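Engineer: Chains A and B, in that order, give the protein sequences.
Residues in the first sequence are numbered from 1 upward in steps of one, following this note's numbering.
Residues in the second sequence are numbered from 1 upward in steps of one, following this note's numbering.
No lab work stands behind these hints, which were simulated from the structure alone.
Treat the hints loosely; a few may be bogus.
Calculated pairs, DMTMM-like style, for lysine to aspartate or glutamate (alpha carbon to alpha carbon, straight line, at most 20 angstroms) [stated by the list, open to error]: (1) B:Lys129 / A:Asp337; (2) A:Lys344 / B:Asp85; (3) A:Lys327 / B:Glu18; (4) A:Lys327 / B:Asp133; (5) A:Lys327 / B:Asp251; (6) A:Lys235 / B:Glu18; (7) A:Lys355 / B:Asp85.
Chain A stretches covered by chain B per the calculated footprint, using a threshold of three residues with CB under 8 angstroms from any CB of chain B [stated by the list, open to error]: (8) 202-210; (9) 294-306; (10) 438-445.
Please read all numbers here as calculations on a predicted model, not as lab measurements.
Beta carbons: idealized from backbone N, C-alpha and C, even for Gly.
Here is what each chain is made of, one letter per residue.
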Amino acid sequence: MELYSLTIHELQDLLKKGEVSAREIAESVFARVDAVEEKVHSYIRLMKDEALAQAAQADADIKKGEIKPLTGIPVALKDIVCTKGVPTTCGSRILHNFVPPYNATVVEKLSAAGAVFVGKANMDEFAMGSSTETSYFGPTRNPWDLERIPGGSSGGSASAVAADECIASIGSDTGGSIRQPAALCGVVGMKPTYGRVSRFGLIAFASSLDQIGPFTKDVEDCAIMMNALAGYDPKESTSVQADVPDYRQFLGRDIKGWKIGIPKEYFVEGIDPEVAAAVEKAMSVVKACGGEAIDISLPHTQYCLAVYYIIAPAEASSNLARYDGVKYGYRAQGVRDLAEMYKKTRQEGFGAEVKRRIMIGTYALSAGYYDAYYGKASQVRALIRRDFDEAFKRCDVILTPTTPTPAFKLGEKTDDPLQMYLSDIFTISTNLAGIPGMSVPCGFSKAGLPLGVQFLANHFEEGKLLQIASVYEKAAAIEKRRPAL
Amino acid sequence: MDFETVIGLEVHAQLTTETKIFCTCSTTFGGAPNSHACPVCLGMPGVLPVLNKKVVEYAMKMALATNCTINPQNVFARKNYFYPDLPKGYQISQYAYPIAEHGYIWIEAGDEKKKIGITRIHMEEDAGKLIHDENNPSSYVDLNRTGVPLIEIVSEPDIRSPEEAAEYLKRLHEILVYLEICDGNMEEGSFRCDANVSIRPRGRKEFGTRTELKNMNSFRNVQRALEYEVKRQQYRVENGETIVQETRLWDDAQGVTNPMRSKEEAHDYRYFPDPDLVPVVIDADWVARIQSEMPELPLNMRERFVAEYGIPAYDAGVLTSDKALALYYEEVVRRCGQPKIASNWVMGDVLKYLNEDKRSIRECPISPVALSDMIALIEKGTISGKMAKELVEDMYKTGKPPQEIISEKGMVQITDEGQLAQTITAIIEANPAQVAQYRAGKDKIFGFFVGQVMKATGGKANPQLVNDLLKKALAG
């Protein structure tokens, strides 16, 4: 077994026993990257020099008997989190040369936990997309089928874990950007509660929806990553001051008697039959573990996509106003005046999908349209949140498919934004409600594409998600396949 | 036609918190360009604002001082527009839910007191500055000022003349300075004013079309700009032309207002609640705590000075026009116990010298202790009022206490009756004609004898004693 194919907890055991060094782990991962990166393109930038230095530090720490939860573990960072002194592009031309003078809080936290950073993972430009095809740096491919997309927007973070180009990674999830690619790449992905993980240094897409979370090879690793990531940050006003439990304590705990909510609105026509069958099967595994399925209703589900595609672009139109060519990033040349500098910089610096959303958002906030669009969407958002409040009075967790279909082909939906938006249909409500959600592998399609089941819980109940996911993972015993790269 | 002027003012006051509103950078004015700046106020990708609570407290003080209702929940909103001095492409301000509303202040309008309504007060961040290079077709951006806290105070359209506008601004300025939340420096831009002005035929209820005036950096310029604009509007209306709703800039050198290019003002700010900040919740306890920390306000102080010290309203007005001056005066009174005399000296000689040198009371070389000591010396008869005039000048020039100057210059009053009687006898003998006139009933000539005595004693004779002795001697 190659070191790169192991999990965090397996590698930590080996490190503790002194059977491997952090340097060997890092070298193994970079050898894997050398072998497969050309096919997959998970990364915008590799950080090999930094990683080897961090690995050397990890080995020195281990020698002194200091071993932290992520000591020596190679982790990939979505290129949306700022890394001090390392270019951070957000998948956009407009930030192609931006070097932050600060670290995102999560980067600081992962560093403090001993992590080794492999590189900056590819993503849809400004996290706007569901396929990682809108990246200025070219698309990422699904390790399970290189003709297919890895999902998005955190496609590079998902594919890097699936292709063993890192041991774990972090992504960001605004409407499903962690859970959807996790499902399509066959890895574990969690979007924590809004406010649980600091957004400081996360380049904003839609501030009221964005949340950072981990991609891992199994549920135990997800708990380890959450231990490192979660917690209050005084640098963020929307960060929540709530105790963070040791997430590992939930692993494997009994779920007997738990009520599992099955929202009827999520099991409708249009779901790929293989996805439906796999989720059905997952439900029966959960039942066999002592869970009791109950029918619930989330009556405002049909409005989620519309609400999301008003609120997210509205916030984005404002968040992306700072990319004007004045202070950093791309600036158009050969312009005559300020207005032309603005126009050309943004015209040339942003891709089509980003421009589309800026225009939708600007329109939705315009005088005369605000009440009908943003105002109304905010009201409906409150109703969506209430749907979940009501649902969680009756059940412990909610179980749904993560995506309506397995991974689709590159180019299949790029000309049809609406079809692309529909691939997030089961994940968007979570962000609107601010609750945590998690995608766990639940099998493969006949064509060998991974499928995912999604668990949702009430605010700050990530522990419950890890509990049911770990129980499910063990009982389902999904066949351990590796992508044939 | 008889027109009525309608004016509403928007004042931006920079708050004197040590750090900026959403980051920990210094708010100090000046400094090398971009030296008071960090990733947060530079609007770099991924950074987030964290509210400086002091800003809320300063705004609450202004709200209480202007009789506003403080909203228990208020919300920050983004005002979106592009300009190079605005690094995020939006200004964090307040829109639908400002911190305070529905207040008023009193102003003097002629001989009457008039209430001017305050529509709202809201908190926001200041923008940076552009520096244009005349020798080079490029501009530079200095973001030191970006994120300095501001409150915007919006008045109701209750103001009816340019003079009232200037009076309102002075009162508002005074309150801000008394509260010690704004340094009030108009030249450095810590107190800025925009004016909305319209005219209507007297008696009509509907407002006329208004123009907005900008770029006035003194009370005087606000008044001048409004006077010009009112005349301009009247001229247009009288000549059958319409008023265009527009923003106009005051040109100080030409003394006129000119329209701003309409391209620059055609904004749809697309306000929406800032998702990076949570609503500010202000409970009754917090309001009570701020209330308990409120200093005495100028209007109260003015009324108290009249009631407590028995000085004229005019004196009270002058003395409280500057908080430091009022505190100086009170300290002098506390020590010497002579409110009217203290007021005369402070308003007369002390302010005269300070004004001549363009100094503020904070830079006054005469301490309240020295001035009250001097007043006590007059009271005791050690020096005369006339000597005191000279003494104060010396005290101002040298900064020395009065006793020191008196002993240096031998400025002690002559109160020895025997010595004075001798002098008086000599003067009477030397001026028989005048004595005869006085005795014939020409009382006015008495002053001549006083003058002679003072001349002979170098002004050191106790005037009261001179009067008494002279009367006795002249009576024969």
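Engineer: Can you confirm whether the C-alpha distance between A:Lys344 and B:Asp85 stays at or below 20 angstroms?
Structural biologist: Holds. A:Lys344 to B:Asp85 sits at ~19 angstroms (cutoff 20 angstroms).
Engineer: Tell me if the straight-line CA distance from A:Lys355 to B:Asp85 falls inside 20 angstroms.
Structural biologist: violated (23 angstroms)
Engineer: Taking only the CA atoms, is the gap from A:Lys235 to B:Glu18 under or equal to 20 angstroms?
Structural biologist: holds (19 angstroms)
Engineer: Given the hinted pair A:Lys327 and B:Asp251, is their alpha-carbon gap at most 20 angstroms?
Structural biologist: With Cα atoms ~32 angstroms apart, A:Lys327 and B:Asp251 exceed 20 angstroms; violated.
Engineer: Has the segment 202-210 of chain A got at least three residues whose CB is nearer than 8 angstroms to a CB belonging to chain B?
Structural biologist: holds (count 6)
Engineer: Confirm or reject the coverage of the segment 294-306 of chain A by chain B under the rule of 3 or more residues with a beta carbon closer than 8 angstroms to the chain's beta carbons.
Structural biologist: violated (count 0)
Engineer: For the pair we were handed, A:Lys327 and B:Glu18, check the Cα-Cα distance against 20 angstroms.
Structural biologist: Distance ~26 angstroms between A:Lys327 and B:Glu18 Cα, so the pair is violated.
Engineer: Tell me if the straight-line CA distance from B:Lys129 to A:Asp337 falls inside 20 angstroms.
Structural biologist: holds (18 angstroms)
Engineer: Taking 8 angstroms as the C-beta cutoff, is the stated coverage of the segment 438-445 of chain A by chain B satisfied by three or more residues?
Structural biologist: It is violated: at least three residues are needed, and the segment 438-445 of chain A offers just 0 whose Cβ sits closer than 8 angstroms to chain B.
Engineer: Taking 20 angstroms as the top limit, are the C-alpha atoms of A:Lys327 and B:Asp133 close enough?
Structural biologist: Given that 20 angstroms is the threshold and the Cα spacing comes to 18 angstroms, the pair holds.
In summary, the numbered hints that this structure violates are 3, 5, 7, 9, 10.
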